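Novice: Sequence lines, in order, name chains Y and U.
Here the numbering used here = 1-based position in the first sequence + 62.
Here the numbering used here = 1-based position in the second sequence + 106.
Derived from the structure by calculation, the hints contain no laboratory data.
This one's a predicted model, so the numbers in the text were calculated from it and none came from an experiment.
The beta carbon of each residue, even a glycine, is placed where N, CA and C say it ideally should be.
Zero decoy hints are in this set.
Result set (DSBU-like, lysine-lysine): computed pairs, CA atoms no more than 30 Å apart in a straight line:
1) Y:Lys119 to U:Lys155
2) U:Lys155 to U:Lys167
3) Y:Lys119 to U:Lys210
4) Y:Lys80 to Y:Lys119
5) U:Lys155 to Y:Lys133
6) Y:Lys133 to U:Lys210
If you only want the chain Y side, here are some residues facing chain U, beta carbon under 10 Å, derived:
7) Gln68
8) Leu103
9) Arg106
10) Met112
11) Phe152
12) Ala159
13) Tyr160
14) Tyr162
15) Phe164
16) Ser166
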Amino acid sequence: EAQVTQNPRYLITVTGKKLTVTCSQNMNHEYMSWYRQDPGLGLRQIYYSMNVEVTDKGDVPEGYKVSRKEKRNFPLILESPSPNQTSLYFCASRRGAYGYTFGSGTRLTVV
Amino acid sequence: AQSVTQPDIHITVSEGASLELRCNYSYGATPYLFWYVQSPGQGLQLLLKYFSGDTLVQGIKGFEAEFKRSQSSFNLRKPSVHWSDAAEYFCAVGLSNSGGSNYKLTFGKGTLLTVNP
Numbered sequence: 063e064a065q066v067t068q069n070p071r072y073l074i075t076v077t078g079k080k081l082t083v084t085c086s087q088n089m090n091h092e093y094m095s096w097y098r099q100d101p102g103l104g105l106r107q108i109y110y111s112m113n114v115e116v117t118d119k120g121d122v123p124e125g126y127k128v129s130r131k132e133k134r135n136f137p138l139i140l141e142s143p144s145p146n147q148t149s150l151y152f153c154a155s156r157r158g159a160y161g162y163t164f165g166s167g168t169r170l171t172v173v
Numbered sequence: 107a108q109s110v111t112q113p114d115i116h117i118t119v120s121e122g123a124s125l126e127l128r129c130n131y132s133y134g135a136t137p138y139l140f141w142y143v144q145s146p147g148q149g150l151q152l153l154l155k156y157f158s159g160d161t162l163v164q165g166i167k168g169f170e171a172e173f174k175r176s177q178s179s180f181n182l183r184k185p186s187v188h189w190s191d192a193a194e195y196f197c198a199v200g201l202s203n204s205g206g207s208n209y210k211l212t213f214g215k216g217t218l219l220t221v222n223p
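Whenever a hint applies, use it, and build me the whole structure from the sequences.
Specialist: Next comes the structure, spelled out in structure tokens:
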């Protein structure tokens, strides 16, 4: 089944403890992206990648890192999480100009 | 900067009634246009998209949308709503400097649809 897989689905962590949210797609898509969703703010793009080793900042990149060493994987790294990064995170991928396929989301709570 | 406006935060309709969700964008060029739906606790699913050509596009689940260049709008419609359509709907706009597929996708803040029996 064609899909975008994120792990974990739920995560509670403490301030300052580094974490990684994994994202993998099995559709050979060139483009991948991370969004965060917050009530009243909709979805905002954190980072996106046009292909292997090519990434760029979205609208809210502060406090996040990404890497794209393989086409299928696009992990999101929080080096020192803070409570304002508590959010629902979505990874997505697409081929060419077509619409994104989204993962099921990762609900992160930073205490 | 590009922006997407969904004027209605919450809409309530009765089952069987028609539906129109509004979306406006601000940018000089014609962008790629999308509608997504998010059911509670789920990710986003693509309903339909517009790139060029016929301004009335058909999507999944009986939805359609019409692009109106003069109004910078891309409203989503459904003739008869089902209870299972209750969800949050997001309009999204993709703009590319080069005209190709390297576009940045910006979302509206969403419209929550409630369906009364």
